[in-house]
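Asker: Chains as they are written, first to last, in the working numbering: chain A, 1 to 101; chain B, 1 to 543; chain C, 1 to 680; chain D, 1 to 184; chain E, 1 to 503.
Source of the hints: derived by calculation from the structure; they are not laboratory data. Here the structure is a predicted model, which is why all the values come from computation and not from measurement. There's no promise every hint is true.
The calculated lysine-lysine pairs, modelled on DSSO-like cross-linking and capped at a C-alpha distance of 30 Å, are [what the hints assert, rightly or not]:
| no. | chain 1 | residue 1 | chain 2 | residue 2 |
| --- | --- | --- | --- | --- |
| 1 | B | Lys164 | B | Lys174 |
| 2 | C | Lys184 | B | Lys394 |
| 3 | B | Lys468 | C | Lys44 |
Listed below are several chain A residues computed to face chain D (Cβ distance under 7 Å; list not exhaustive) [unchecked claim]:
| no. | residue |
| --- | --- |
| 4 | Val8 |
| 5 | Ala11 |
| 6 | Ser15 |
| 7 | Gly20 |
| 8 | Ala50 |
| 9 | Ile52 |
| 10 | Gln60 |
| 11 | Ile67 |
| 12 | Ala71 |
| 13 | Val74 |
| 14 | Ile76 |
Using N, Cα and C, we set each Cβ at its ideal position, and we do this for glycine too.
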Amino acid sequence: MIVTQFLVIAAALFSLGVYGLLVRRNAVMVLLAVELMLNAVNINLIAFEAVIRSSQAVGQVFSIFVITVAAAEVGIGLAIILMIFRNRQSANVDDFNLMKF
Amino acid sequence: MELFESGWGLTLIVFLPLVGALVNMAIPKTNETAVKQWSLFVAVVTFALSLLLVVNFDYGAGDRFQFEMNETWISAIGANFHLGVDGISLPLLVLSTFVMVLAIIYSWDHWEEPHNPRGFLSLMLILATGMNGTFLALDLVLFFIFFEVVLLPMYFMIGIWGDKSKRRIPGFSKEVETRLYASIKFFLFTLFGSAFMLLGFLALYFKSGDFGPRTFDIPELIELGTSGAFSGTFAFLVFGAMFLGFAVKVPMWPFHTWLPDAHTAAPTVGSVLLAAILLKLGSYAFIRISIPILPQEAENWAPAIAVLSVIGIIYGSLACLAQTDMKRLIAFSSVGHMGFVMLGISTLTDVGINAAIIGMVAHGLITGLLFFLAGSMSHRYHTREMSRLGGNQKLMPVMGAILAFTAFASLGLPGLAGFWGEFMSLLGAYNPLESLRAEYLGLFRTAMVLGAIGTVLTAGYMLWMLQKVNLGEPGEEWVGHEFHDADRYELTAWVPLMVLIVVIGFYPNVVFGATTDAVVSLVNTAFGEGAATTAAVTDVLGS
Amino acid sequence: MTHLVLAVEAGAPELVSGGFFAQWAGIMLVAPFVAFLLIVFLGKRLKYLGAEFAIGAMALNLVWASILFVQNMSHGIFREENFEIASIGMFDGRALVFELGWVVDGLSIMMYFVVAFVGLLVFIYAVGYMHGDVRVTWFFASLSLFAGSMLILVGSPNLIQLIIGWEGVGLASYLLIGHYWEQKENSSAAMKAFYTNKVADVGLILGAILLGLAIGDFSFAAINEAAANHAEPLEAVAFAGGLLLFFGAMGKSAQFPLHIWLPDAMAGPTPVSALMHAATMVTAGIYLMARTFPVYQDLVGGEAARQWMVPIGVITLFAMGLLALVADDIKKVLAYSTVSQLGYMMTAVAAGGYTAGLFHLFTHAFFKALLFLGAGSVIHAVHSNNMSDMGGLRKEMPRTFWTFVIGSLSLAGIIPLAGFFSKDEILATLDHEGYQAFMWVAIAGAFVTAFYMTRAVALTFFGSYKGHGHPHESPALMTVPLVALAVPSVIAGFLNIPGVEFGGFGNFTTWVGARVVAMGDHHPEAIDWTLAAYGLTAGGLGILIGWLLYGKDAETQLARDRFEIPVLYPLLRQKYYMDHLALGMVGFTKGPAARAVDWVNTYVLDGIVNGVGGGVRLMGRFVYGGLDQRGIDMFFNGVSAGADSAGLALRRLQTGRVQQYAMGFVVGALVLVLAIAVFN
Amino acid sequence: MTFQSWISEPVNWVYLAIGGAVLVSGFRVVTTQNVVRAALYLVATLGGTAGLFLMLSAEFVAWTLVLVYIGAVIVLFLFGTMITRAPMVRDTGLDNPKARPMAAVLSLILFVVLSYTMLTAFGSTEIAQVGEGTDTRILGEALLGRFVLPFEIVGFILLAALVGGITIARRDLTPLEEEERGSV
Amino acid sequence: MSWEIDYLALAPEIIIVVTMLGVLALDLVLPRPLKYWTATVGVLGLTFAAIPLIIMAVDDVGTRSMFEGSYVVDEFALVLKGLFLAAGYVTLLMSVSYIESDRYYQGEYYFLLLTSILGSVVMASARDLIILFIGLEVTTGPLFMLAGWRKGDLRSNEASLKFFILGVLSTAILLWGMSMLYGITGSVDLVTISDSVALIAGGSVPGFEPLLGLAILFIIIGFAFKVSAVPFHFWAPDTYEGAPTPVTAYLSVSSKAAGFVGLFVIVYVALPAAVDIWGPALWLLAALSMTVGNLAALRQENIVRLLAYSSIAQAGFMLVPFAAAAVSGGDQLAVGLEATVVYLVIYSVMNLGAFAVIIQGARRTGTGDIEGWAGLGKLDPRLGVLVAVFFFSLAGIPPLAGWFAKFIMFQSAITSGGPGGVWLAVIAAVNAVIAFYYYARVVKTVWFDAPAEGASEAEDAPVGSLGLAIALTAVATIVIGFYPPIATFFGEATRTLITAAGG
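Work out the full structure, taking the sequences as your base and the hints as a guide.
Answerer: And the structure:
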C-alpha cells in the first residue's frame, strides 16, 4: 500500500468537486460538490498521517477540524439557500445576476 | 533675529497660512467681512515675515542655507522636517507671499459664482502653505508633500469657481464644462509627473545608502551628487523620472496641454496664482534638486531640455496666434515664457540659471498681472472672445493702459522685468557649460537664434492681442453699456506689480543680489571651477 | 563704476572729464521720464494739458546739451558714469555685470544737442499742432517717453542700456504712430513699425551677445578698445557680430529692405514724424554704427561686414528716393526722402566715413525736421495729406512756404546750405575709400532728391489751390519753430568745412572725434570742388527738371518768371528737347522704374511681410489646431480614453454569474500555478 | 515497487474495490440529473471514504465522518433539497450545459496537475504498519491539549452558523405578527 | 510539554468571547426598543479587550508563546490585534444606526460581527496551520451570513450567495494547499515547516519542489481570495454592493486585513526559504490587482461598488512592498512587511472613514448612485469636506494620511533594489494616477456638480456613534498625514514576526 494511491483518489474527488461546482445550477448541488472537495482534503490528511505517524496524530486532528468546519459551512450554505429561495422561489445560482459590471 | 535664527521663522511662514485657513473655517460663513479681513491679515503677516527674512538674510552668504530648521519627522524613513532659505529660494518665496497678498486684495469684491469667500480664501491660504513650503523644503519628502499639497486647493478652485461654459474637447464625443475637464486634467497631469518624480526621489534615497545612512536631505544629497556618487544608467533614469515630474509642472512641451485648459478655466485669482507661483515650482525644482544632485546627468539631459524648451518657445507663440480667447492666449504665452526659463536652466551656467530665476520672477509678476486684467475684463464684458472685444482703451482707459503696459512687459521690452529673463537665457545659450560645448555648441547656439526668433513671435501675438482688445472702436454691442474702469481694489492689487516690474526692469540686482552668489556656487560645486567662462581671452583692458 | 580708459592709439585726442555738466549729464536722461510721470498724473489739470512739463524738460536738456556742446568745442570731453544694475554671473574669474549710466563724449554730446534742439522745437510746435486734438496729454507723455528713451539710447555707455533705449524708442514710436488708434490702419501701422523693429532687434540682441561675451564686457569703451587692439576673441566674432548689429540698425534706420515700416509710420501726427521718423529716432541705427565704429574699422571681420553694408546703404539711398517721386501724400514723399537720406548716412559710415555720416545726420536732422513741420503746417491748414488737395499755398502761408523752401534746398544739396556740405562730404568719402561706382549712384541720388523736392514744393505751394476751405497761416507756436529750424538748416554746413577750424574750437570733425578711441577715418583737407560740382549739377538738374515739369502750371506765371530768369532760362529755349528729355527721363524714372520699384515694394516686400505674417498666423493655427489640440491633446485624451475603454472591457468580465466567477477563479489559479512553474 | 508486487497485496484489492466505488459515486454526485440521487451518491462516497480511513488506521475519524456526514449533513441536505422544492425526479435543468466542456477541461487539467505534483513528490512511499489503528487517547489528548485553542474556537463557528443560520433562514414575521408577538 | 496558559495573552480573546455570549444573552432578555444596548455592550467589550493589549505592549516580557509555539503573542500580533479591534470598534459604531433603522436582528448581528473579530484576532497570533485555518474560518463564516443580513433585499441575498460559494471554493483550495504542506513537512507548526521548506528549497529533497510550489500557491490563493486580489476578486464588487454597508466596510478592512495577516504569517514564518515561488506570484497578483481594480473602477456608477474596486486596487498596492521585497532577493523582507503593515493601518483608517461617510451620504441623499450625490458639497459642506478628505486620502494626496501609505509603498518597492521592485513601482505609479481619476470623480460630483432641483438644504449632521466613527477616522487620517511616525511605529513593531522566525 502506497500513499499515492489514496492521494490520487483525493485528487480525483477534488477535481470532480470543481467540475460540479462549475456546472451545477442548483445551489444545493453546488454545495454537494464542495463537500466532495473538502472530503478529498480529508483523504489527503489521513493518508499523510498514515505515513508520518506524528506523535499527536496531527493529520487526524486536522481532518476532524475540517469535518467540523465543513459541517458548519453546510449549515451556513443551506441557510443562505433557504433565505434566497424564500425570496426568489429558485435555488438556481445562475438566476442571480442583479449585480454585475 | 532670534525668530529666524532658531528656524521657527521659516516654519511660521509656511504654516501660518494653514492655521489661518483653519481659523477661517471657524468664522461663520455669513460673516464675509471677517473672513476677508482675517485672510488678508494672515497673508500680510506672512508677507511681512518674508520681508523680515529679506532684511535679516545674510547676502554675503547667499550660497548657504540660512535660518535652517532641521527636526526629525519620520524617523522610520529618515525624512526630516528640514527648511532653509538661500539666495535662490529667497526671491521666489517673497514673490509667493507677495502675490498672495495681492490676490486676496483683488478678490475682495471679485467673486465668481458660487461666491463663498470663506471656502475660496481658505483654499488660497492652504495653497500658500504649499507654495511657501515647496520653496523652503530641504528634504525630498517634505518637498514632495508641499509640491503635491498645492494641487488640492487649485483643483477645487478650478472645479468650483471655474469657467462654467461648455466646450467641445477634441477626442470627446460630447461637450464638457471647461472647469470639469480642466480641473481633472490639471490634477492628473501633475499627479502623473509627480508619481514618477517620487520614484526618482526614492531611488536617490536608496542609492544614498551606498555612501552612508540613507537620506532624503537635499544638502546631503547635493554633497553626494557633486562628488559623483550618482552616475550611469541609474542616474539617467532618476533624472528622467524627476524630469517628468518637474517638466509637467513647468510645463515643458509636450507636457503643457493641461496648462491652457487650467488657466482658462480657473477663476481669476486661481489663474494668477497658477501662473505666478505654481509654474515656478517645477523650474525651481530643476535648480534646487535635479542639477546639483545629478550634475552629470544634467549635462546629458541638457541638450534635450534645450531642444524641448525651444520647441516650447516657438510652439507656444504660434499657438497663441491661433487663439480667439484672450485668457487662453495668455495661458499659451506661459508655455513660451517658461520655455525661456528652461532654456536658461539647460545651459547649466550661472548666467543661464540666473536668467531662469529672474525669468520666473518676472513671469510671475507679469503674467499674474495679465491674468488679473483678463479676469477683470471678462468680469465686465462677460466674454473673453477677442473678436467681440476691441476699443477697450476707449471704454476703460486706465485698464487699457495697464493692459498695454503689461503686454509690453510680457513681450520682453527692455527696461521692464520680462526682458532680463529672455535676454539672459539667450546669453547663456550662446556659451553653455564648458563641457557641453564640445558636442552641443551648435545646438545651443541654434537654440539661441530660435529663441531670439521666439521673442519676435512673442511680440507678434502680444501686439495682435493689444490691437484686437484695446484699440479700435468698441463694438456695436457695447454701445450704451456703462463700464467701470479699474476700481480701487484692482488698482491696489495691480500697481505694486507694475512698480515691481519697472523696478526689476531697471534694477535687476533686486533679484540678482540674492541669487548670483548662490547660483555661482551652485554651478561651481556642480560643474567645477570656472565652468561658466568663455574661452580664454587676453585681457585687453589691462590692469 | 567708472571705466578707467587709457588712450591706446597715437593720435587719439586728449580728453578732459568735463566737470559738473558731464558728471551729472544723467539728469538729462532722467528729466523726460520725470516729465512723463508728471504729465501722466498731473497733465490733465494744466492749461496746456501737460505740454508744460515736456517742454520744460526739453528746455533744460537743451541748455544742458548746449553747455556740453560748447565745452566740447574747446576741449574734447570724455566722461562715463556707470552704475551696476545686475551682476549675473562669472566671466573668466570676474563678475559679468550689466550697468546703466551715461557717457559724455563728442558723439553723444552731438546727439544730446540734436535731440534736445529738435525735440524742444517740435514740442513747442506740437502744442499748436495738436490743439484741440484727442488725447493731447497722452501725446505729450509719449513724446517725453520718447525723448527720455532716445537720450538713454544715445547716452548709453554699453550695449545693454542701448538696447533698453532702443526698444524704448520703439515703444514710443508704437504709441505715437498709433495715436489715432480708433482706425485700424493706424494701429496696424504702429504694429508694423514695432514689429519690423522687433525683427531687427533680434540682430541687435544677438550681436550684443556675441560682442559682449567675446570679451566679457558690454561697455562700448571696452569693446572699442579691444577692437582698436585687434583683440583675438573679438576678431573671431567681428564679422557675425558686426553684421548682426547692422541688422539691428537696418530696422531702426529703415534700410532696405526693412524700411517698409517707415512710410506707414506717417500715420502718426506730424510732429511725431518730424521728431522721430526723420530727425532723431531713425538715426539711432547710424548712431549705433558710429558708436561701434572701431569694430568695423579696425577689425578684419568688421571690414568684411562693411562690404555687405555699403551696397545696402546705396540701394536704400537710390531706390527709396525714386519712390518719393510717385507719392502723392506729402508726408510719404518726405518719408521716402528720409529713408533715402538714411541710406546716404549708412553708406557713408559703412564706407568708413565716420564724420561724414554723422555730419549728414546732424544737418539732416534740422532740415528734415523743418520739412516735416512745414508739411505739418500745411496739413494743419488744408486738413489733407495729399498734395493733390494743395497748391498755391505760398501766399496764404508765407512763413511756412519760405522755410519749406529753405529746407528743400538744403536737402537738395544746394550751396551754401547745410545739405550741400554734408552731402559733399559723403561723396568725398566714397571717392576716397574707393567706392567710385557707388559715388555715381549717390550723385544720381542727389538728382532724384532735388527732383522730388522740387515737385513737392511746386505741387504744394505753387499752382492753384485744389482743396477745400480757406487755408491760412499756422499760429506762431508752429511757425516760430519753423524759423528756428531754418537757421541751422542754412548755417549748420559751415561747421564742418574741410580744413576750416574756428580758432581753437576746432570743427564738427574734431568735436565728434572726441572719443576714447581714435576713429581713424579720413578727413579731407579741403573741399573737393570737382565732386562738389557733380553734386551741385545733379541737384540743380533735379530742381530744374522738376520745375519744368511741375512749376509751369497754368496759373503759376509769377513763379515761373522768377525761376526762369537767372540760370535756367537759356536752357528753356530748347524746352521741347528738354521736355522730351525730361519727360523721357522722368517718364522712365517715374514710369517703369519707379513703378517697378513701387511694385516690388508693394507686392514683393510687403507681400513677403504680409505673407510671412499670414504664414505665421497660418502656422499658428496649424500648431494650435492641428498639433496641439488634435495632436498632443488628442494623444493624452486618447490615453485616458484608452484607459476608460479598458475599464469598460474589464467591467464586462464581471458578469454577475457566480459560476463564471468560480470559473475565473479556477482558471486564475491554474494559470498562476503554470506561470510560476514556467517562471521557475 | 512493481505493479506485480503491489497487486499481490490483498489489502490493495480492498483498496481497489472501495476506491473504485468512491470514484464512481463521486462521479455520479456531480453528473446525476436527479437531486436526491446526488445526495445519496454522496453518502456512498463518504461511506467509501470512511472505509479508506479505516484502511489508513484512522478509526476515530472514519466513524466521525460517518456520524457527522451520513448522520447529520446528508439529512440536512435532503431537507434542503426538499425545502427548496427541487424535483425528486430526473431534472434536465440541473446542469448548465454550456459550462460543461470548459469545466471538464479545467477539472481534468487540475487533476493532472494535482496528480503530477503528488506523484513526483511521493512516488511509491509505503504506508507502514497497516492496520494498526491510532490510539484515540492520542487524539483526545491532542485535541484537548495542544489543539485546545482551535478546538474551543471552532465551537464558535458552529455557534455562529447556528445563530446566524436560524436568523437568516427563518421567515420574517409580518408587521402584524410582530405586533402580536411584541405584546407578549 | 506544558500546557501552561498565559491568561493575559489570551485575555483579549476571552473578553471578546464573553462579550459575544453577553450580547447573545442580552438580546434574549432585552425588549426591542432597548436592543441597541447590545451594541453598547459590544463596543464596551472591544474597548476592554484592548486593555490587555496595551498592558502587553507596555510590559517588557516580549514574545509570549503558548501551545508549543502554535499561539504566539508578539509585537506583530499585538499591532494587528489592535488593528482588528480598532477596525471592529469603528465598524460597530458605524453599524448602530444602520442596523437600528430596520428590523435587522441586532443581537445576532453583533454576535456574528464579534465572532468574526474573534477569528481575526486569533489569526494574528496563529503560528500553526490549524489555528490559522480555524481563525480564518471563524473570521469568514459569520460574514457569509452578515452579507445577506438584509434578508428582504435580493441584492443582499445574492451578495451572500456569491460570497459563500466562492468562499468555500477558496477554502477548499486553501485546505488542499495546507494538507499538502502538512504532507510534505509532516508538521503543522509553521516554524518547523520553515525548516523543512528550507531543505526542499535548498534542493536536498529532490522531487518535492513542484508539490511544494503547488501547496504554497494554493495557500496564497486562499488568502488572495480574502484580500480580494485579482483574479480571485470576483466576489468582491457584487458582495460589497449587496451587503449592508457596515458589513462591506468590515469586509474591505478587517476581513482583508485578516487575509494579509494570514499571508504574512504563512509567508514570513513558514516559507521564507521558498521566496522564489511566492515572490513572483505575489508580484503578479499585485500588478494585476492594481491595474484591473483601477481600470474597472473608472466607470462605476454605484459608490459602494466603486469602493469595492478601489479596495481591490488598494489590495494590489498593499501587495507591492511585499512582492517587491520578495522578488528582489529576500533580504528586504522586513522592509516589505513593515511597509505593508503601515499601508494596512492607514488604509483601514481611511477606508472605514470613507464607508462611514458613505453611510451618512446615502442617508442624506437617499441613493448610492454617484450621480445622486451631485451638489452634496453645497447642501451639506461638512459632509462634502469629509468626502473629499477620505477620497483624496485614498487617492494618496498629501497632506492626508493616504500619501504616506503610497509613499512607503513606493519607498519599499524602490529600496528593494531589484528590477522587479522598480517595475512594480512604475506600474503602481501609473495606477496611482488612474486611481486618482475615479476618486476625484466622486469629489467632483459632490462639489462641482449642481444639486438636483428640490434637494433639501438642511444640514443633517451625522449623529451619535456614526458621527463618532467619522470623527475618529477623520482625525486619524489628518493627523497621520501630518505626522506619519504614528503609522510607522506600528510598522516597525511588526518586525518581530521576522526576527521571531529567525529571518
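Asker: Hint by hint, which ones does this structure get wrong, listed from lowest number up?
Answerer: As far as the earlier hints go, only 9 is violated by this structure.
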